[in-house]
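First to last, the sequence lines map onto chains A and B.
Residue 1 is where the first sequence starts when you use my numbering, and the numbers rise one by one after that.
Residue 1 is where the second sequence starts when you use my numbering, and the numbers rise one by one after that.
Since the hints were made in silico from the structure, they are not lab data.
Misleading hints may appear alongside valid ones.
If you want the footprint, here are the derived chain B segments under chain A, 3+ residues with CB under 8 Å [to be verified]:
hint, stretch
1, 34-42
2, 47-53
Simulated restraints on C-beta separations [claimed, not checked]:
hint, chain 1, residue 1, chain 2, residue 2, range
3, B, G5, A, D99, 32 to 42 Å
4, A, A76, B, G5, 27 to 37 Å
5, B, Y48, A, R84, 20 to 30 Å
All C-beta atoms in this analysis are idealised placements derived from N, C-alpha and C, irrespective of residue type, glycine included.
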Amino acid sequence: MMQPNSPVAQTQPPDTGGDTVELVPREEDIVTFPGGLPGFESCRRFVVMSPGEAPPLQCLQGLDASRPTFLTIDPALVLRRYRRVLSPADRLRLEAREDDTLLWMAVVTCGVDETATVNLRAPIVINPRVMIGFQVMPHQSLYPIRHPLKL
Amino acid sequence: MLVIGRKRDEAIVIGDGIEIRVLRSGRDGVKLGVTAPPSVSVHRREIYDLIRAENQWAARHSADLPQLVSRLRGRSATRTE
Numbered sequence: 001m002m003q004p005n006s007p008v009a010q011t012q013p014p015d016t017g018g019d020t021v022e023l024v025p026r027e028e029d030i031v032t033f034p035g036g037l038p039g040f041e042s043c044r045r046f047v048v049m050s051p052g053e054a055p056p057l058q059c060l061q062g063l064d065a066s067r068p069t070f071l072t073i074d075p076a077l078v079l080r081r082y083r084r085v086l087s088p089a090d091r092l093r094l095e096a097r098e099d100d101t102l103l104w105m106a107v108v109t110c111g112v113d114e115t116a117t118v119n120l121r122a123p124i125v126i127n128p129r130v131m132i133g134f135q136v137m138p139h140q141s142l143y144p145i146r147h148p149l150k151l
Numbered sequence: 001m002l003v004i005g006r007k008r009d010e011a012i013v014i015g016d017g018i019e020i021r022v023l024r025s026g027r028d029g030v031k032l033g034v035t036a037p038p039s040v041s042v043h044r045r046e047i048y049d050l051i052r053a054e055n056q057w058a059a060r061h062s063a064d065l066p067q068l069v070s071r072l073r074g075r076s077a078t079r080t081e
């Protein structure tokens, strides 16, 4: 069976240790974030990458403006019973149908003190069928912006 | 900033299809009802600001990916050959 649109590009993240590596993603790997992300509103195009050495972490690389890079993880790997809640307006924005399998990613933040936390409050959700994503900010949430992360 | 006085049950309309109505007002705050198309997201300012700040911090510190991965796994940073 053919793999439907996979949002995970078969690309390595840019090597930030040396000179900047120009990332040239394939058109079909680009996810559109119509409103950008809070703090990066003018970055509308992103690619999801799986760093070979870093599963289950993924990398969300912006292609516009300041080209922000985010490290992300499936929130269900952080909390097994993580509740994936979307409002009808959220689903509409993602053009989500009943049978769409959505990709959920929580942003990982490095603390200054050798710790890392994960934002379970506002997960990023992508609909691979239409390659549209946005950061969900529910009005009520059980989860914190900074949940301690251990791998 | 445009300043408009409104009483209870009065509303303002912004652009096409956005309405903000005063449902209740009291000594310690007001309760607003917002009607907007699904494409317009509505957030409490302070929550939006927290998430924006967290995103900015996360992006600023994502450059050292290999070191971070090693650190999260409880190892010292990967040695380069």
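Structure-based check of all given hints:
no., hint, in the structure
1, 34-42, "holds (count 3)"
2, 47-53, "holds (count 6)"
3, G5(B) with D99(A): 32 to 42 Å, "violated, 50 Å"
4, A76(A) with G5(B): 27 to 37 Å, "violated, 49 Å"
5, Y48(B) with R84(A): 20 to 30 Å, "holds, 21 Å"
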